[in-house]
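S.K.: Chains A and B, in that order, are what the protein sequence lines are.
First residue of the first sequence? That's 56 in my numbering, and the numbers climb one at a time after it.
First residue of the second sequence? That's 63 in my numbering, and the numbers climb one at a time after it.
Mixed in with the good hints there might be a few duds.
Said to hold, decoys possible - Output of the computed footprint for chain A on chain B, the stretches with three or more beta carbons under 8 Å from beta carbons of chain A:
{"no.": "1", "stretch": "109–121"}
{"no.": "2", "stretch": "150–161"}
{"no.": "3", "stretch": "299–313"}
{"no.": "4", "stretch": "382–388"}
Please keep in mind that the hints were generated in silico from the structure rather than gathered at the bench.
For each residue, glycine too, the CB sits at the ideal point set by N, CA and C.
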Amino acid sequence: MSTITPAQVQHIANLASIPVSDEEKKDLAQAFEETLAVVQNLQSVDTSHVEPTHQVTGLENILREDVVDTDHMLTQEQALANAKQTHEGFVVVPRIIDQD
Amino acid sequence: MLAKKTLTQVLDLLEKKEITLEELHKDLHAAVAEKNETLNVYLTVNTASAEEAAQRSEAALRGIPIAVKDNYCTKGIRTTASSTVLDTFVPPYDSTVIANLKKAGASILGKTNLDAWAHGSSTETSQYGRTLNPRNTNHLPGGSSGGSAAAVAADMAIAALGTETAGSIRQPAAWCGIVGLKPTYGRCSRYGVVAMASSTDSPGPMTKTVEDAALLLNHMAGHDKYDGTTADVSVPDFTQAIGKSIKGLKIGYVYHSIEGLEESNAHLAKELEVFKKLGATVEKVEAMDPHYAISVYTVVQRGEVSSNLGRYDGIRYGNDRSFFGAEA
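The following block holds chain B by itself, in its conformation from the complex (with noise of 0.2 Å):
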């Protein structure tokens, strides 16, 4: 089963020639037949992947098809950030690391359900429904890259893309048992990502494999002349750290332990041992208290969110803003 495999693997198979690409698109969407309907994954399902990766086969993701969180625009391809409000808007533009990717020779296998807005870290507040958590279907699977992390995890795709404001990558990775890379601030492009908060909002992928979340990154970053705040520095090959020893290498830890998660403090004393054990030297460092920095993010992005909604008007696309849902 296909499916089933990571993107290294699949990358390998095809350039041994030992599959086509036509199998692992079959394959795919054969995966996401059978289980979208339970766990509600993908609001959008991009029929025509094969066609198009058999175009980009040559180069270096071969063709392979990706699910995308819909916050990413996906030129040809409905995009709804999960809300009524984009419900029928098809963006006739590819936001930059989509069109990154494609460039490299992936192809979109669809798109996948998140907190409408990516306002959330359940995939509750979207209007097209909960995605269940494929390990476990009376559990949610975190969000906002709910959707994603649960395509990856029900291997009803290789590999995803989500974005992070403020945990949406790594919280619904942790859930659902997958690996979620938040790169930093600037590595990607936010250009043609739907807006939340513009001073944070990071693309990233989410994979079967730390390896797989390196290569995937290594075609999506990159300095943008369409997107002002991204660096502008060279991407390296982040596939070359992989296998090196961490020794020397000094790792800092905040809230160690939380008023009311004291149930985390063996788990996160399990880590550092295990961080220690490579090598690595770990350190305490103070931040600031849970209780403000919440309030911070709150004033930070709601500020920020409520002017990057305020495009919506319902006017040149989208529906008009009765369409918002409760959350937003």
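So here's chain A without its partners, still in its complex pose (with noise of 0.2 Å):
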């Protein structure tokens, strides 16, 4: 038995933006289980004398001069391909705020 609940596991849906149905929810929460633990393990490694590795290409700040790059357009037409909702050149997006 899992000790995650199910609420825990619609709390992380909602904030993943993912519907989960009541089935889902049990597989979720032992599977969200398996990977705290996963993670957990590595409270016993000791870090302190370790530097930490945040990146491993030697790069820095990669800039661009701000022009129009017309290789790296899409048209109107193009852009608005695969959308499932259009109107006039817009996309059609889901409503978010509930009152006029």
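Each of the two chains sits in its own frame; use the hints to bring them together as a complex.
M.R.: Pasting the structure below:
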């Protein structure tokens, strides 16, 4: 039995914006438990003398000039081609504000 | 049967005009048609490959078609990353590696199956069914580049592209008995490749021979202004290294003895002997205990993946997030 509650799973699912069924919540609670154990495993490692590794490429601040790159542009038609709903050249987005 | 040839052999035959590009494409498409239903290697087949190839036949790769893992954006050709979220997604642009290969003369044979979003090592998490291992259909091809590995092993492709985040090129290559090369991170551009873990994803070649892999890498690799993590270094001719002696080369090995995997110790020892006989020196290197390494990977990978999958909102393209499979 998992110590992670369906409510907690639902909370994570809301944050991840992924709908989950009650059945899935049971499996996910178990999976979350296992994942936490895998991470908890790291607590036993002494890293007090270890330099953090935050990147391996050695690159810094890759910038570019703020100019238009026409090779890197989509036409309006291309940009809208895969959208489920469009309206007069716009992508239609689900309503996010309840009141007008 | 042209489909059984290597990339290098086919290039030679085309150059000497002993075969036509049309024949090559026809043969490969026939091989695909014959075996795809059983092996489930390709999710999308590019029936126009021959026409497209004809326009590039003068360039280095002479119009040869390659199989492409379905997480590389290919302009005009459906790209799903083996997830139904992207079931009808047709990219309006080519990933840089694809653009590079097209410029070098390659064409696309089709898009191969993978673990959905590249999250896996068996191709079992694909939302389009698993791929079978051509060497023995009771076995899996490995993953996540299982489709590409199987394509090459089954002679359903002359060569293929894969990506590796943590083993996904080399492991399926090993399981299918082909060559898989994971280039150094930053060697090949990730621009246009469906992101898994942005700090480790590495596009790379999967081929029948090492020579083919070197040749393909020559054309895949390079600094890309659209991918800020690519190394700004020139691309050497990797084929020049072939046939050279490895005397004096120092090779490090890790994990010489993992609890529960003692069966592999003898194999590793045998391989090290091969290197020693060829004149290389071989040295044991200490690496993090795999139990910890896996935990570190889990934290890093899941953090990056959850961030990278955040863009799939089903609004600008693709289906909504309810389409994500159980693994995702």
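S.K.: Does the structure break any of the earlier hints, and which numbers would those be?
M.R.: 1, 3
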